[in-house]
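Peer 1: Take a look at the letters that make up each chain.
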Amino acid sequence: MDLSKYLGLFVSEAGEHLAKLGQDLVRVEAAGRAGEPMAELVDEMFRHAHSVKGMAASMEQDGIAQVAHRAEDLLGALRGRREAPRADVVDALLAAVDALQGMVDAAAAGGRPEPDAALLERLAARFDEESGEDGAARDATPKRVQTTFVPPPPEPVPEPAPVPESVPAQKADARRRREVRVVIGPGCPVPAVRAFLVTRKLSLFGELLEVQPSIEDLRAGRIPARRVTIALATEQAPEVLVAALATISELHSVEVDGPAEPRAGIDLAAADGASAPAAAAPSREPERAEGARTVRVKAELLDQFLDALGELILAAARIREVGKTIPEPFRPPLDEGVNRLHATVMDLHDKVMSVRMTPIAAVFDRLPRAARDLARRTGKQVEVEIRGSDIELDRSMLDAIADPLLHVLRNAVDHGLELPEARERAGKPPSGRVEVQARRDRDRVIIEIADDGRGMNADKLRRAAIARGALAESQAASLSETEVWLLACLPGLSTADTVTEVSGRGVGMDAVKRSVEELGGAVTIESAAGAGTRVTLRLPLTVAVQPVLLVRVAEEILALPISKVHGAALVEVERLERRHGAPVLSHHGVVVPVHDLGALLGFGAQAGGLRSVVVADADGARVGFAVDALLGEEEAVMKPLAGPLERIGGLSAVTVLGNGRPVFVLDVQRLVA
Amino acid sequence: MNKRVLIVDDAVFMRNMIREILAGAGFDVVGEASNGVEAVERWRELRPDVTTMDIVMPFRSGIEATREIVGAEPGAVIVMCSALGQESLVMEAIEAGASDFIVKPFKPEEVLGVVRKVLGVA
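Residue numbers (the working numbering), protein chains in the order written: chain C, 1 to 673; chain G, 1 to 122.
None of these hints come from the bench; they were simulated from the model.
Computed from a predicted structure; not experimentally measured.
Be aware that one or more of the hints could be misleading.
As the list claims (entries may be wrong) - Lysine-lysine pairs mimicking DSS-like chemistry, simulated, CA-CA at most 27 Å apart:
hint, chain 1, residue 1, chain 2, residue 2
1, G, Lys3, C, Lys201
2, G, Lys104, C, Lys201
3, C, Lys639, C, Lys351
4, C, Lys5, G, Lys107
Please build the complete structure, drawing on both the sequences and the hints.
Peer 2: Structure, rendered in structure tokens:
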């Protein structure tokens with residue numbers, strides 16, 4: 001059979017099982033600590049490992065199957081436990097999950113990865129410890145080579161009561177003792193199970209008097225010479241018994257004899273061979289079975305859909321614009337067509353967007369594991385509570401927030417949470433808590449990451465900002481509380497007493513704030529010394545379509561993301577009050593410096609008179625931009641800047657208006673930085 | 001008339017594989033189920049000639065599903081799909097009324113051999 005066409009399905013399905021196994025491992029640790037029941041979770045994990053093993057074996061990926069098998073063994077040994085698995089056991093299993101995912105990736109690339117001997121050894125060692133400790137007390141499970149499954153406490157075997165040989169004959173004349181001898185075929189990997197099936201089948205036709213080897217031996221896998229002999233008290237003729245056993249596969253031979261009856265027998269080996277002709281050529285037409293209700297689509301394809309749709313929206317708008325130029329009598333039919341096109345395209349757009357919506361679980365699910373690993377490294381304890389995993393975001397947004405979220409979480413564990421002893425001294429439980437929550441607020445998604453750690457020290461933040469020269473002392477004193485916490489987002493600012501492996505590299509809060517704002521979102525921080533820190537991210541649902549405010553400056557049309565716009569005012573700039581030589585506007589009680597947008601962009605300053613000032617948000621501060629006219633709002637399909645345009649400061653993206661005119665979207669922060 | 005088959009497995013991957021093997025050999029794959037609860041429902045609704053049944057599945061195991069199906073219809077033909085190392089579970093399934101079993105990883109001809117034989121079609 002050609003296995004290659006199953007590869008994609010194998011890779012994605014195995015990947016899902018491994019991801020869930022990884023999450024469950026982290027959950028089981030927390031559940032164990034909290035004294036919550038774990039049995040179901042352990043069963044589920046066992047099932048995931050088992051599924052991966054089965055699939056891998058079917059794909060002839062023996063290396064993957066081997067590792068999964070050892071993981072399954074170890075999980076099997078955890079079944080029926082009441083206490084949380086030891087951390088080193090979870091470590092070993094997580095290492096196995098990581099290794100397996102790596103191997104599945106290698107298989108996806110066409111490889112046949114070999115298992116890591118050290119990992120197999122490690123899993124086996126943990127298994128030996130786990131099954132050795134109280135394994136003997138649990139049940140008489142044979143050794144690991146024999147079974148991968150610790151059966152539930154064995155129910156009493158419904159063994160027929162031993163019947164003396166003479167009884168059947170006395171009881172009923174019709175019943176005779178017949179002896180059935182069966183040899184299991186050499187190809188059968190589990191001859192004892194087959195023999196067990198034979199005994200079961202025969203029991204439907206009479207009473208089992210004796211089974212050799214015994215039922216217990218068969219259950220334990222013992223069947224010398226693949227031969228089983230069953231004595232049966234039955235009314236049936238030998239031919240009937242032979243015919244009954246003919247439906248069972250992999251029997252090499254069946255013989256039945258009894259007193260005063262001719263021997264009946266059949267050599268099944270030939271029949272077995274004959275019943276296995278080469279499989280007919282697999283039908284080219286896939287069966288329209290129930291499985292076809294959902295399909296898996298490559299994520300890139302969804303991106304291409306959206307790109308193509310963006311083009312379609314623009315093309316439709318372009319046709320509408322052109323339609324305005326044709327003579328009036330010809331317009332109604334064209335308008336009708338254009339309207340229908342527009343409605344269909346927008347409907348399609350909504351559908352594509354809804355397909356692209358992905359539960360935030362895709363990102364959230366990784367957080368508990370990350371927190372656990374980090375806590376293990378830093379000697380802390382952490383429990384992560386996730387809420388709102390089912391909230392959906394556009395794929396593009398999910399990809400973009402994965403790293404910032406991970407960083408906020410790391411900060412919470414690394415800087416926020418205290419060591420267990422310190423927590424106990426502070427009257428807190430030794431294990432720190434991080435709550436991660438997502439919720440919808442109209443067209444926004446709010447994500448909060450809150451820890452119950454030491455919190456931040458406002459004075460320390462102020463001093464650090466002053467020391468870095470980011471803030472004058474007078475300014476520092478006048479900052480509002482909200483603004484003080486945001487100082488934590490200043491580039492390179494750290495109040496951490498010690499630099500850890502984690503905080504020493506990678507992005508800081510400044511990068512988190514920057515990426516969230518680039519996505520059209522905002523960051524706020526609240527903190528209380530001794531009680532913890534809460535970081536809140538407000539995000540749009542998608543990065544691909546954003547509402548913008550169109551403005552005109554010196555005959556140019558430009559766009560500002562609505563998420564950055566606070567309001568607008570109509571003023572004569574010359575008459576504004578000036579501070580430090582620059583005009584300032586009082587907007588809702590806040591003093592806002594006003595810049596001439598034309599001058600900022602190098603178009604030259606505009607003539608005076610009544611002008612519109614757009615008040616926007618730049619790094620938490622308000623700033624005004626004087627423009628010639630406000631042209632209105634539009635839903636803009638954002639296209640990233642390519643090539644040299646990317647390097648121009650102050651521009652973040654480009655969009656195309658209905659009339660085909662390209663319009664640049666301004667990056668407010670960088671304009672005034 | 002072609003024999004009608006219900007395929008029960010929690011892995012789409014395994015279902016597709018078994019479906020291709022059986023459909024390619026002229027069986028009518030009339031339905032699929034991905035867990036033990038669904039299996040019983042689909043079986044009641046479809047009354048297939050034969051059911052291939054995975055053992056380890058969410059919600060309800062293949063063994064429990066088999067027990068319920070055979071309990072309701074002793075003539076039901078159920079072939080367990082097991083893996084090496086599941087011997088004790090297969091025996092439990094046999095006690096629950098399974099007609100035969102196949103062991104993963106399996107070859108197409110093995111699947112066909114067992115299914116044909118259990119149905120008494122050569």
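Peer 1: Work down the list of hints and note, for each, if the structure agrees.
Peer 2: Hint check:
1. G:Lys3 <-> C:Lys201: This hinted pair holds, its Cα atoms lying about 23 Å apart.
2. G:Lys104 <-> C:Lys201: 23 Å, holds
3. C:Lys639 <-> C:Lys351: The given pair, whose Cα atoms are some 20 Å apart, holds under the 27 Å limit.
4. C:Lys5 <-> G:Lys107: 16 Å, holds
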